[in-house]
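There are 2 protein chains.
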Amino acid sequence: MRQQRLLNPTLRDIPGDAEAASHRLMLRAGLIRQLSSGIYSYLPLGLKALHNIQQIVREEMDAAGAQEMLMPALHPSELWKASGRWDVYGPELMRLEDRNGREFALGATHEEVITTIVKDEIHSYKKLPVTLYQIQTKYRDERRPRFGLLRGREFLMKDAYSFDRTESGLDASYQSMYNAYVNIFTRCGLEFRAVEADSGAIGGTDTHEFMALADVGEDTIVHCTSCQYAANIEKAIGTVPEHRISMRVDTILSASQPVKVHTPQVTSIKQLSQFLQIDANQIIKSVALQADGMPVIVLLRGDYELNEVKLKQALGADEVSMLSEVDIEKLGSIAGFIGPIGLQNVRFIADTSIKGLKDAIVGANEPDFHLIQVEVERDLGAISFHDVRNVAQGDLCSNCGHELSFAKGIEVGHVFKLGTKYSRSLGASISDENGVFEPIIMGCYGIGVSRVLAAIIEQNYDERGIVWPESITPFSIHLLTIHVQDEVQMKLSEEIYTTLIRAGYSVLWDDRDDRPGVKFNDSDLLGFPLRITVGKKASERIVECKERRDGSQYERSVEHILTHCHSLFQTGGRSSHE
Amino acid sequence: MRQQRLLNPTLRDIPGDAEAASHRLMLRAGLIRQLSSGIYSYLPLGLKALHNIQQIVREEMDAAGAQEMLMPALHPSELWKASGRWDVYGPELMRLEDRNGREFALGATHEEVITTIVKDEIHSYKKLPVTLYQIQTKYRDERRPRFGLLRGREFLMKDAYSFDRTESGLDASYQSMYNAYVNIFTRCGLEFRAVEADSGAIGGTDTHEFMALADVGEDTIVHCTSCQYAANIEKAIGTVPEHRISMRVDTILSASQPVKVHTPQVTSIKQLSQFLQIDANQIIKSVALQADGMPVIVLLRGDYELNEVKLKQALGADEVSMLSEVDIEKLGSIAGFIGPIGLQNVRFIADTSIKGLKDAIVGANEPDFHLIQVEVERDLGAISFHDVRNVAQGDLCSNCGHELSFAKGIEVGHVFKLGTKYSRSLGASISDENGVFEPIIMGCYGIGVSRVLAAIIEQNYDERGIVWPESITPFSIHLLTIHVQDEVQMKLSEEIYTTLIRAGYSVLWDDRDDRPGVKFNDSDLLGFPLRITVGKKASERIVECKERRDGSQYERSVEHILTHCHSLFQTGGRSSHE
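Residue numbers (UniProt numbering), protein chains in the order written: chain P, 1 to 578; chain B, 1 to 578.
There's no promise every hint is true.
[What the hints assert, rightly or not] Here are the computed distance ranges between Cβ atoms for each label pair:
{"hint": "1", "chain 1": "B", "residue 1": "Glu103", "chain 2": "P", "residue 2": "Glu78", "range": "24 to 30 Å"}
{"hint": "2", "chain 1": "P", "residue 1": "Arg464", "chain 2": "B", "residue 2": "His123", "range": "44 to 50 Å"}
{"hint": "3", "chain 1": "P", "residue 1": "Arg464", "chain 2": "B", "residue 2": "Glu547", "range": "43 to 49 Å"}
{"hint": "4", "chain 1": "P", "residue 1": "Ser552", "chain 2": "B", "residue 2": "Glu547", "range": "32 to 38 Å"}
{"hint": "5", "chain 1": "B", "residue 1": "Phe437", "chain 2": "P", "residue 2": "Arg464", "range": "46 to 52 Å"}
{"hint": "6", "chain 1": "P", "residue 1": "Thr186", "chain 2": "B", "residue 2": "Ser552", "range": "47 to 53 Å"}
No wet-lab data here; the hints were simulated from the structure.
Please read all numbers here as calculations on a predicted model, not as lab measurements.
For every residue, glycine included, the Cβ atom is placed at its ideal position computed from N, Cα and C.
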């Protein structure tokens, strides 16, 4: 394609409100433009990259035996009411009425629709297993759309749904999608981790998130520095390292019961550890919460944070919120001095981090007093222990004992064992060999296709612009003519352009009548793998090559340019585009 | 692909509520399923055909130099208010509010969005001309969705928009799209006509509709039996054939002025021609209307029908409706006996079909009386003549004088010169060499991609099912194994399948454990060009071939099957799919 007329409005200035690197670069390189908050148009170069991702997704899904179909975005409300999600999905689900007053949702996801189709069309076990997928536009009215394509309101998704007779069938379908996702993200050139994740409110069992590592990511990933263990912080478990288990040596001789000490206006962990000159790991935090309307106090070590997701699972609760000061007083305690000893009529739950603590400090449930020399096993009685804390820096892998590490990630994919939630509520069942009907066992599998595009850029740029991976780049080669008025340069450029196009390479030819500096800057910003510059040595049939990733520059004679490209592009660099 | 697990639910029975052949066949062959009125899911085979159409559209648009991009479906209402269409588009435009109460339209078309993008990004004449297109889902809340994909509410469209400096530039862009459309529809295997159409309310100048000929079509096309002339009935012009010009020979000697005759209760053209024993072509109909609130009477020959579109243009009116009986009486006439003579205070407009009529009959503007022996030029004075009638059977081509013919068509494409309507209202202008800003001159070009799919089937079926054109068929070859329990048959089938797939053919292998009759019926219903049946001669390595289009059947040895396929499929029958 020739650049003169290409709709590729590059920007010199960094757009002020774009926080993420990918967002800034996609705007600057003219890949996307915002139409409304979280709603973007793809300009030609952005769409080419998006198509390349789609193609990889399609190839790997097909190779995994999944069948592509396409479902509508307009969903009759009845389906969402049948699944129970019409009411619980909240304002994220966009809704409208048609001319006859019938309610519709704009599809945020397609469990309801696909389950209805399968319910209507598949009745025998002989037609299972089947995995169906689509690449389709989704709508979610995010409260805070941001980071460009990373969190949008209208976005492209690949969603797949598997249908099995048995749990072991689901396991196989799940694994097949998991493997396809590994292939897809690898081919997209992403550095990623498949992490164990929380199955949360959707109510399934196994689930993995595919996280593209990037500082801008909104998720925290915990992974082992030695073995393969990786999990979302919400789900991650770790063991408390030995050296951090509380061992206070400068203490007075242990009392046979807790001792009350005066701690005036000392209400936080930090204040308390300063006041008593102890480490936070010796303090037992009491976090007073309301879980599905009932008060509950969570005990965990002062140096750990509560993990709400784990807590909900431990309690079997849907909603958890902080308990008000008034409600704390109703329990017979006071904010800042809550403790597990002496309080009745409230459920306690202890994090495993306090197990075995001997010389610990807790609130005394009266203003300005704490209890010291608390022994968990002796003083707290038959309390139940659960892992309800976030893994912390320094914790060890529960698998192999090596240290855990932390990273930020962008969730680009998600595989999920749904079970029978939707097949039951929407009535999708199949008959077995004996004619007995059983609900179909489902899995669902999503890839944020447009988010993948942003994540790729988030991992592939430098101070001059984007550095495209070969598999995704809108064009493999940027052909640049220094002076378009120069007939020799133009003629040679045309010759090279034709040669490369005929050989199947995708080439953007910068034939604009512009200053060389502008063209070089744009070229770096656009970031195609190879730049070929036709300049003053055109008469000698010599051009300059520059590889975008490592910046290497060298000359080549035109006669060798095709051979050079063949050696450079592993995949051949050739696409069906252009 | 193997058919056993393919989601391809074929139906034996004809769905009762599907009126159009394409709708029935797409349901029966398991290509689509309805989710809600006018809203469909594409099952795997339907989507494959749709992809094939998209691919052709994409190739031809790219070849014509158009650039692909992708715009959102959610349009902020401000844009539609700026163009003035928020209010005039009516209930067909689906609307919703986001969580913050901001209004959005679901894109029915993208003039507003693309013009806004171009306004923001293109400022210099050097970047023009440019044509941008997308293949994207559109939403129109049709009052009467019907005929399956032919008139849906959520459908796939290719919409393109050209941007030029000059009218002659627009002419060239328009012609380029026109040519691309001819290529696209030809490659899709459609029988179609490009017809002149009415530019209507969009307010442009030239416009052509691409009509796929089909009896189910909702549009009437008029085309010359000799030359290339073709037009939508709304726009078509014809000349009145000589032999139909009124020549009454059995009349009394002409009076010098009209003669009043008693015609009791004779109010229709049919009654009048029977009562007076004359042809309808001797009667001048007076059609009383209200045009933008003002009364107007249209005179046209009794054997012609009024063309409202032409009338609106002739009058420069936006709205035309019938005049009520009360309003007719206010004019001093009476319904059933209206005529042009003696009426004041009303505008008359005459169709050219009454020009030169000598011995004509008109209403007398009093109950039960008509005037006969009316001479148009003598009695009607300085009336203005316009072509405001529908072309009728037997009319002649205004270009070449040969007879015009009529056909029904499905509008599959539309090319349209928009001019500056949107660039003015949305402020898209470019500076010329002297820095003077002028509004950009636009064209818009649409193809109903999903409608094309239905139109192809509408033209390609028989009593047994679909008969796919080679370019669009979901699979080129249907490989059918009679007895899947038979090891020899299965082994040979697998060999053939592998051979054909490796050679690049798209093959669906019917490996279902089902009765041969079911499989043959499904195969005819699905309608791929070539069926290869592996049956009882498998041990001799002989298979049966059947060509779907002409029904020819013959045997081939497996050794020759690939050569045979190469000879059969002009395009090679090979696709990148499968």
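Hints, one by one, checked against the model:
no., hint, in the structure
1, B/Glu103 - P/Glu78: 24 to 30 Å, "holds, 25 Å"
2, P/Arg464 - B/His123: 44 to 50 Å, "violated, 25 Å"
3, P/Arg464 - B/Glu547: 43 to 49 Å, "violated, 59 Å"
4, P/Ser552 - B/Glu547: 32 to 38 Å, "violated, 57 Å"
5, B/Phe437 - P/Arg464: 46 to 52 Å, "violated, 34 Å"
6, P/Thr186 - B/Ser552: 47 to 53 Å, "holds, 48 Å"
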